[in-house]
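J.: Taken in sequence, the protein lines are chains U and P. Under our numbering, the first residue of the first sequence is numbered 3, with each subsequent residue one higher. Under our numbering, the first residue of the second sequence is numbered 1052, with each subsequent residue one higher.
Please note that a few of the clues may not be correct.
As the list claims (entries may be wrong) - No farther apart than 30 Å at their CA atoms in a straight line, the calculated lysine-lysine pairs in the DSSO-like style are these:
| hint | chain 1 | residue 1 | chain 2 | residue 2 |
| --- | --- | --- | --- | --- |
| 1 | U | K5 | P | K1053 |
| 2 | U | K116 | P | K1178 |
| 3 | P | K1053 | U | K60 |
| 4 | U | K5 | U | K116 |
| 5 | U | K57 | U | K5 |
| 6 | U | K57 | U | K116 |
| 7 | U | K57 | P | K1053 |
| 8 | P | K1117 | P | K1088 |
| 9 | P | K1117 | P | K1093 |
| 10 | P | K1093 | U | K5 |
| 11 | U | K5 | U | K60 |
| 12 | U | K116 | U | K60 |
| 13 | U | K5 | P | K1117 |
| 14 | P | K1178 | P | K1117 |
Claimed, not checked - Residues from chain P that keep clear of chain U, each with C-beta distances beyond 12 Å, as calculated:
| hint | residue |
| --- | --- |
| 15 | S1071 |
| 16 | K1088 |
| 17 | L1196 |
| 18 | I1200 |
Said to hold, decoys possible - So the derived label-pair ranges between C-beta atoms look like this:
| hint | chain 1 | residue 1 | chain 2 | residue 2 | range |
| --- | --- | --- | --- | --- | --- |
| 19 | U | G101 | P | E1176 | 21 to 27 Å |
| 20 | U | R129 | P | R1136 | 26 to 32 Å |
| 21 | U | R129 | P | C1138 | 34 to 40 Å |
It is worth saying that the hints were derived from the structure and are not from the lab. All C-beta atoms in this analysis are idealised placements derived from N, C-alpha and C, irrespective of residue type, glycine included.
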Amino acid sequence: MAKVFIYPATSLILSDLVARFGHQPLGSAISIREHIQTSGFDSPPIQMTSEDPQKGLKWAAVEVPSGIRGRLSLYGPLVEEAEAAIIIDEPDLAFGCMGCERTNELLCFMLREKDIPRLELNYPTSREEGVTFVAAIKEFLVDLGGEYE
Amino acid sequence: MKPYDPQYVNTVTKYVFVDSPDTTPQDIAIAAYEIAKGVMIKETCFGCQITGSPEDVDRIIAPLRKLDPYRIYVKDRGFPPGDARRCRANSGGARPGYLGHEYEMALVRYIAYGLEQTDHMTPEELKAAAGQEKLMQSAFDVAVLEHLIEEE
């Protein structure tokens, strides 16, 4: 079972397909869960603490805005852990947790720089593209050693 | 800043979505309740949320998927159900992640069709169906760039 980073990191479709074909999807939920299940200090109503932008310094320079560094404190450890990545190019889904374009650019850059198997594709817009989309992901994941559930 | 005491430590929460003409979210929730054995199930308009130990959640999800294998989708959730920081009962309006789900749920019918079609394909057929790997956009041609600079 390989750890596969999914981009968009909140994607339901990618998360399901990666788990369905026998691997572990790495997305926002994993980091958020770890973050909110760890005791410490809180700054309600904001979940980020002042420590998070400092942790993000490992992946982004000090002049990078703290919002990006804070987000990278969640995504950075996942990228380091990832053994493969599936990236959807230019997703319309870029709001909510994935709403920071500069973070997204840096995240994709980190994934492309890392020497891991990577699949890049677009969201399907028809049934035929749906077959191509699923077949490409299934073939990629089977090559990683996954098994259908 | 104030001390933060987390709830539901060492649990996982997973969403179960369904988009099917044969299976309703209520069917999913009832099937989940039947085998819950004390695990927290929250019925929703799209399926349910299951919160418990990783083993318990997997134990419930495996039979749920079999109800409609191509049209049931599962995803991790960071927050437990009803968390005051995310629950719309406290914050009002849709929670941020809902918009993402709404967008992707419009596409899952293509995924369901793709899963159905690829399920019985041989490795060769799968390779053919997957098609060419998406080519990265090539870098800007240096000669063109030089020409543009000279024009300026």
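J.: All hints are to be evaluated individually against the structure, with a verdict given for each.
T.: Hint check:
Simply put, K5/U and K1053/P have alpha-carbon atoms about 35 Å apart, too far for the 30 Å limit, and the pair is violated. Our distance criterion of 30 Å between C-alpha atoms is met by K116/U and K1178/P, whose separation comes to about 25 Å. Pair hint K1053/P plus K60/U holds up; C-alpha atoms about 26 Å apart against a cutoff of 30 Å. For the given pair, K5/U sits about 14 Å from K116/U by alpha-carbon distance, which is consistent with the 30 Å threshold.
In summary, the hint linking K57/U to K5/U is supported, as the alpha carbons are separated by about 22 Å, within the 30 Å threshold. Using a Cα cut-off of 30 Å, the hinted pair K57/U and K116/U holds, with the two alpha carbons roughly 20 Å apart. In summary, the hint linking K57/U to K1053/P is supported, as the alpha carbons are separated by about 20 Å, within the 30 Å threshold. Among the hinted pairs, K1117/P with K1088/P is consistent with the structure: their alpha-carbon atoms are about 19 Å apart, no more than 30 Å.
At most 30 Å may separate the alpha-carbon atoms for a hinted pair to count; K1117/P and K1093/P meet this at roughly 20 Å. The hinted pair formed by K1093/P and K5/U meets the criterion: a straight-line CA distance of about 28 Å does not exceed 30 Å. Restraint check for K5/U and K60/U: satisfied, since their Cα atoms lie roughly 21 Å apart, inside the 30 Å limit. Restraint check for K116/U and K60/U: the C-alpha separation of about 15 Å stays at or below 30 Å, so the hint holds.
A hinted pair counts as satisfied when its Cα atoms are at most 30 Å apart, and K5/U with K1117/P qualifies at roughly 24 Å. Distance hint between K1178/P and K1117/P is fulfilled; the C-alpha atoms sit about 26 Å from each other, no more than 30 Å. At the 12 Å boundary, the C-beta of S1071/P stays outside the reach of chain U, the nearest C-beta of that chain being 14 Å off. Interface exclusion of K1088/P from chain U stands, the closest Cβ pair being 21 Å apart, more than 12 Å.
Remark: the non-interface label on L1196/P is consistent with the geometry, its nearest Cβ contact in chain U lying 21 Å away (cut-off 12 Å). Once the 12 Å rule is applied to beta carbons, I1200/P is consistent with being away from chain U; the minimum gap is 25 Å. Hint check: G101/U to E1176/P, Cβ distance near 39 Å, so the stated range 21 to 27 Å is violated. Separation of R129/U from R1136/P is about 39 Å and departs from the stated range, judged on CB atoms against 26 to 32 Å.
Take R129/U and C1138/P: their Cβ atoms lie about 36 Å apart, and the range 34 to 40 Å holds.
Violated hints, listed in ascending order, are 1, 19, 20; each of the other numbered hints is respected by the structure.
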